[in-house]
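A.B. asks: Just so you know, the protein sequences line up as chains E and F, in that order.
Residue 10 is where the first sequence starts when you use this note's numbering, and the numbers rise one by one after that.
Residue 42 is where the second sequence starts when you use this note's numbering, and the numbers rise one by one after that.
Quick caveat, the hints were computed from the structure, so don't treat them as lab data.
Just so you know, not all the hints are guaranteed correct.
[What the hints assert, rightly or not] Derived PhoX-like pairs (lysine-lysine); straight-line CA-CA distance at most 25 Å:
hint : chain 1 : residue 1 : chain 2 : residue 2
1    : F       : K112      : F       : K258
2    : E       : K216      : E       : K150
3    : F       : K112      : E       : K216
4    : E       : K150      : F       : K258
5    : F       : K258      : F       : K115
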Amino acid sequence: MADDAGRDALMDRLDPRARVAAAFAFSVLVAVGPRPAAALAALAAAGAAAAISGLRARDIVRRLAPVGAFLPLIWLTLPFTRPGQPVFRLGPLAATDPGLRLALLVTLKALAVTLALVALLGRMDLPRLGHALHHLRVPDKLVHLLLMAARYVDVLRAESARLASAMKARAFRPRASPRTFRAAGYLAAMILIRGFDRAARVHAAMKLRGFRGRFYVLSHFAFARRDLAFCAAAGLILGLIAWMQWTAT
Amino acid sequence: MDAMDGHLIRFRGVSFRYDDGRQVFDGLDLDWRPDENIALCGPNGSGKTTLLHLCVGLLRPQAGEVEVLGKPRKREADFHDVRARVGLLFQDPDDQLFCPTVAEDVAFGPFNLGLSRAEVEAVTEETLASLGLRDLARRTASRLSHGEKKMAALASVLAMRPRALLLDEPTAGLDPDAAERLVSALERLRLPALIASHDFSALERLGLRRVRLQNGKAHNA
């Protein structure tokens, strides 16, 4: 990836399968939990993972930004829409105690899950992610959908950029007019048609190399001792979070 | 070696019309012998790509006979062994390279031929090395230059160990250096090639017999 600080951080050397599995288990566990304290602990654990991810703080913040943009909406609506004991009033609106707690819980959960995903998977390129998913028995069709999309998104983007600049070269300037909407429609349709033609050619090329509907995976992952240590640590942390969520008083 | 004493490809009275009614070939005859390279020329729309696709059964003619490697080929199943032995290099390498990494693209064909993993790895390694592409093995196809993509696509075809090559505009869009690399790789391979192109200046030294497509027929030029 382009935004790496140091090559080969500890996280990069861990088995991608273990990282994907940990990210999945963590996300599910944190998402279903009812207690803010557990969510706070989860956020701390995600922070620890971020510390060994090799990502710079700046890049982590940049990747969390979309969540940050979504959270104010939570704080503007949730506290005022839950029934319960009012804590303070804004004109006709009353912020309730359960509402504020829920907003806090959602905030902590969203940050914890996103930070964990960024830390565990942020520096994994898509081919490795695809292979990890394949080894974790995710259906092949989904994996190949992901990998093909990753492979061809640049081709499609280049194609749409070429068409768009061809439009510009003929003095096209987008306005709020029916003509603009029609031109945009043509552009979208042309990208679809070209994508369809491209898919037919790719399939033909695959057939020529003997494709009969089966894919093979070339790369292997090696599960090393440090991966065992990582899995043990992840299991321990997940267990602790689960305990805080449902058992601890 | 059935084909070595006969023809690689033999078309007799081949007629082909696209679904939209465009008639491309009308009684076309063509002979390609294993000891010759053919330069297929003709204006846009004269059917150069169509002819290459007929050779490997991506398209089927409405009339006439297509014989490849000494056997008549009519149905889809007739072409399965043709595709392993006659390699087609597409004009746009983005059509050919669909895997996340170059090594996997090169390995795709050999896997489909039923080779074991160890054999596939050996073939992949050897093919990339023979073209001087070892450094590209772990790279992602979408991040390669056009010239590198073209070479990687050629590697993916050669990994099938073909006995003949069909090349669709092999040097189109390549800068002189990249074209030179491709042509000298083809020269070293010594595989018979049927090349469709507009511009044979870079390909001249492969020793080409010119065949011109015009009005639905092939003419020696």
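A.B. asks: Mind checking the alpha carbons of K258(F) and K115(F) for me, to see if they're no more than 25 Å apart?
C.D. replies: holds, 21 Å
A.B. asks: Is the hinted pair K112(F) and K258(F) satisfied, with a Cα-Cα distance of at most 25 Å?
C.D. replies: holds, 22 Å
A.B. asks: Going straight from one Cα to the other, do K112(F) and K216(E) come out at no more than 25 Å?
C.D. replies: Holds, at about 20 Å.
A.B. asks: Is the hinted pair K216(E) and K150(E) satisfied, with a Cα-Cα distance of at most 25 Å?
C.D. replies: Satisfied, since the Cα-Cα distance of roughly 17 Å is no more than 25 Å.
A.B. asks: Does the structure keep K150(E) and K258(F) at a Cα separation of 25 Å or less?
C.D. replies: violated, 44 Å
Violated hints amount to a single one, hint 4; each of the other numbered hints is respected by the structure.
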